[in-house]
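S.K.: As a plain string of letters, each chain reads:
There are 2 protein chains.
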Amino acid sequence: MTKPSTAINAAGREVLTEINGEQHQPFLGVGKYKPKGRKASPPIRTVIDYPQSGDKRVASIKNALELCGIRDGMTISTHHHLRNGDFVGNMVFDAAAELGVKNLRWFPSASFPIHEPIIQHLKNGVVHHIEGSMNGPLGDYCSTGKMRGTAILRSHGGRYQAVQDGEVHIDIAVISAPTADPFGNANGVRGPAACGLLGFALADSQYADHVIVVTDNLEPFPCIPWQIQGNNVDYVVEVDSIGDPTKIVSGTTQITKSPDRLLIAELAVQFALEAGLVQNGFSFQAGAGGTSLAFAIFLTDVMKKNGIKARFVRGGSTQYMTKMLEEGLTDFILDGQTFDLEGVRSMRENSAHQDTSPFTSYNYHGKGNFASMIDIAILGATEVDVNFNANVVTHSDGKLLHGIGGWQNCLFGKCVILPIPLFRDRIPVIVDEVTTLCGPGELIDVIITERGIAINPIRTDLIESLKQSSLPLRTVEELKSEAEKICGGKPAKPKLGEKTVAAIKWVDGTVIDCVKQVDY
Amino acid sequence: MTKPSTAINAAGREVLTEINGEQHQPFLGVGKYKPKGRKASPPIRTVIDYPQSGDKRVASIKNALELCGIRDGMTISTHHHLRNGDFVGNMVFDAAAELGVKNLRWFPSASFPIHEPIIQHLKNGVVHHIEGSMNGPLGDYCSTGKMRGTAILRSHGGRYQAVQDGEVHIDIAVISAPTADPFGNANGVRGPAACGLLGFALADSQYADHVIVVTDNLEPFPCIPWQIQGNNVDYVVEVDSIGDPTKIVSGTTQITKSPDRLLIAELAVQFALEAGLVQNGFSFQAGAGGTSLAFAIFLTDVMKKNGIKARFVRGGSTQYMTKMLEEGLTDFILDGQTFDLEGVRSMRENSAHQDTSPFTSYNYHGKGNFASMIDIAILGATEVDVNFNANVVTHSDGKLLHGIGGWQNCLFGKCVILPIPLFRDRIPVIVDEVTTLCGPGELIDVIITERGIAINPIRTDLIESLKQSSLPLRTVEELKSEAEKICGGKPAKPKLGEKTVAAIKWVDGTVIDCVKQVDY
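These protein sequence lines map, in sequence, to chains W and G. Going by this note's numbering, the first sequence opens with residue 4, and the numbers climb by one from there. Going by this note's numbering, the second sequence opens with residue 4, and the numbers climb by one from there.
Note that identical chains are pooled: a pair holds if it fits in a single copy or bridges any two copies.
In silico SDA-like links for lysine to any residue, alpha-carbon gap of 25 Å or less: (1) K37 x D52; (2) K417 x P54; (3) K37 x L70; (4) K326 x G293; (5) K65 x P223; (6) K37 x T49; (7) K39 x I51; (8) K493 x P475; (9) K65 x R86; (10) K326 x R351.
Hints in this document: simulated from the structure, not taken from any laboratory. Computed from a predicted structure; not experimentally measured.
Turn these sequences into a full structure, and let the hints steer you where they fit.
M.R.: This is the structure we're talking about:
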């Protein structure tokens with residue numbers, strides 16, 4: 004094997020410059036890479052080639068793939084709004100296998116443990132490699148170097164950017180639709196597999212050469228809201244079930260019970276208050292993770308007590324967010340994915356609960372996006388280093404087990420807070436250098452742990468605001484030392500092989516880091 | 004002057020093949036022209052070049068045009084949702100004149116009498132020519148051969164198609180927004196100039212190189228619904244007023260009082276009933292014209308009496324449609340433009356009152372559109388000939404005074420009915436040959452006049468259904484003879500000059516006919 008072409012990027016990381024035979028630009032620094040050229044342009048179609056009745060139904064996924072002209076080496080995309088309940092991803096590659104197609108590139112917005120059967124298709128040659136977040140078994144498989152191609156991981160915004168810019172050309176997009184009509188209009192707000200919205204599939208519907216909608220809940224035209232527009236859809240397939248509702252959304256999301264996490268959330272709220280971030284008309288982003296949820300709940304209490312109303316909150320929505328909306332504590336929810344049934348109901352019923360897409364929220368190659376307008380962004384990390392650089396995709400053992408999600412995109416929020424435990428399973432979270440660089444430290448403003456808060460030294464404004472604070476302010480080095488003292492030293496370096504198994508893209512399509520094979 | 008290049012198209016019309024220096028395809032017949040190539044692709048932008056705060060406001064339209072790099076010969080687009088109340092169109096070309104720019108192509112979705120001042124800019128060289136429907140004075144000006152370039156008229160769907168296909172490249176789109184936020188998200192449902200929706204500007208926002216939103220009702224981000232997405236917008240301009248509300252929508256639309264028109268509407272309803280078109284789950288399209296409104300109202304009575312419910316009705320919406328929705332006589336309104344304040348209110352309040360765009364409704368170069376799914380389409384015409392060919396743009400004197408609107412697109416409905424008077428001002432409406440061909444007779448199924456109904460002979464199914472009917476069924480020739488008898492002969496041929504002043508596009512971008520200068 005010849006040595007792959009690499010370069011040292013602006014973050015000092017050695018990254019591939021050629022990935023799966025295509026050239027990629029190394030990271031140049033935040034806000035440095037300026038794209039050229041024009042957006043990708045799908046083929047011009049004509050209504051002559053589509054049924055006048057509007058009925059685009061065909062018998063099966065296999066049938067639809069054939070009609071789309073599936074052949075070796077094509078790129079097939081799916082979305083992950085059905086999360087770990089998704090049945091459609093596996094159906095697609097089973098059908099491709101039956102058709103004898105090989106070397107497909109699977110381009111999911113994310114994959115989950117339920118997609119473990121795809122490993123068989125990676126082994127038997129139906130799938131060449133995966134470009135998309137891999138949560139669980141597929142990430143593990145990739146980590147061990149068994150996948151033939153190199154994985155490419157992108158943020159939600161980066162995935163939209165890559166498709167829009169023509170960096171990834173989707174031959175066939177398959178869209179799992181909780182509700183659809185025979186024309187292909189589709190939404191996620193109704194049906195047995197209701198998931199709220201379908202924003203992750205927007206780019207696919209706009210830019211793919213061929214688009215297949217798969218549903219288990221067909222309605223007569225028009226399916227309203229048409230989150231996916233039938234005018235972009237070629238074929239509609241009815242199946243018995245597109246997913247397992249119990250694994251798509253929770254019945255109800257629940258707050259963490261961990262005293263440490265509750266403490267971190269409380270500290271984060273107190274920090275936000277003292278920094279003056281919680282004002283009438285402010286906005287915040289918080290996901291469905293335990294600490295994020297606790298943050299949102301504690302913040303709500305503070306808002307009520309002080310008579311403060313948000314202009315918008317950014318979801319992943321949960322019952323706690325919908326309650327805020329219904330109690331008048333925010334004008335809007337701008338939602339990227341719903342995490343529980345209350346989120347789905349609220350989106351269905353309330354026009355102030357707005358579904359969004361990575362185009363609107365995160366696309367770095369657009370005329371702005373709203374990530375940079377959010378006052379407080381609460382994010383997680385598997386590791387943070389002393390320069391505030393953070394990792395979200397690999398564990399301390401080097402295994403690639405998580406996706407980037409909207410994490411990189413949210414780093415452009417006005418105040419980015421990482422509420423993280425000082426250690427996990429007695430392994431310190433603050434390290435000398437992150438295993439994988441996903442977010443440059445210059446965009447991360449505050450680390451909040453159960454034993455203290457570190458403000459990024461470049462945020463002199465925040466340091467000034469908190470000068471009189473009684474909060475436990477520390478340097479990041481102090482926090483790191485404390486963790487090492489408790490855990491008995493620095494974490495062991497992961498044992499990594501030579502082979503690069505995955506590239507991590509920055510929001511602008513450049514390569515910010517690469518992931519090496521784990522060495523067993 | 005050299006003789007222009009022309010060809011005889013499939014409809015037997017002599018049409019220009021070169022218009023304003025560009026090649027255009029003559030009409031090949033309905034469903035015959037197959038487009039090649041890929042869609043237009045706007046430049047890739049980056050958020051680096053836009054304010055992180057999301058605030059894209061600049062001081063004035065003039066300022067915004069400068070920032071967009073306006074220069075001689077560019078194409079500037081506007082939309083016509085503010086109809087005859089629009090102030091923005093004139094502001095744009097006044098600003099361009101101040102900047103000393105020349106030879107612009109104005110690409111409105113339509114222009115109205117309020118835009119008469121543009122004639123000055125046509126005279127002084129700021130505007131080279133207009134491509135878009137011209138209602139009133141501008142049409143008259145064009146008709147007399149005074150415009151330097153040749154006008155091109157397109158249907159709503161044809162305009163979307165032309166932009167999407169790259170046939171018309173918009174350099175700068177100016178979008179009048181009744182409500183907007185500083186990021187450029189915009190809608191028509193609120194504000195002093197509320198017009199309901201902004202669908203005619205969708206293509207402009209998606210495909211133009213530069214997009215300016217002009218508003219008189221700025222809200223904090225996020226402006227929801229975001230019918231126009233700020234992610235496509237470069238600059239936002241606040242002005243005192245974008246339009247005159249009294250000329251944008253009616254207070255309330257009123258039904259015709261003409262006994263002849265009421266009779267025609269009654270006959271049309273009776274025809275639809277006897278032809279079996281009015282069934283549970285059916286759909287119909289009806290505009291805001293007197294006869295169309297009367298048709299909708301009479302049809303509503305019949306539906307109530309027979310317990311029939313529509314799946315959707317297609318607007319231009321009016322108080323009569325919103326009442327149908329609210330009384331449960333239809334599941335949805337699919338609305339292309341709101342004609343009265345009740346329409347605006349309903350769209351704002353009712354999620355079953357769906358705003359649409361020419362992309363969804365009419366684009367012939369999409370993966371289908373819903374025009375062909377509509378059971379009954381009620382349309383007007385200035386002239387119809389004995390082969391059911393129809394004209395909607397010129398009067399019998401040859402003057403180009405109307406736009407095509409969605410008329411051509413609606414011809415793809417399952418049963419297309421033209422309810423027309425037998426004569427207007429003692430001039431017969433049914434002629435030997437239409438002055439301008441806008442719609443091929445094969446797509447027009449029924450002509451309904453106050454003195455009889457003519458079914459297109461190719462619709463043997465309809466003729467069969469109506470075999471036992473007591474309706475006054477006639478041949479089109481019989482209707483024509485009767486009109487000529489009453490009016491004292493055929494209408495005089497218009498006196499036309501040699502110069503071609505306008506080309507009429509078919510829905511697929513081919514040239515179906517041309518309009519000659521009127522001879523004074």
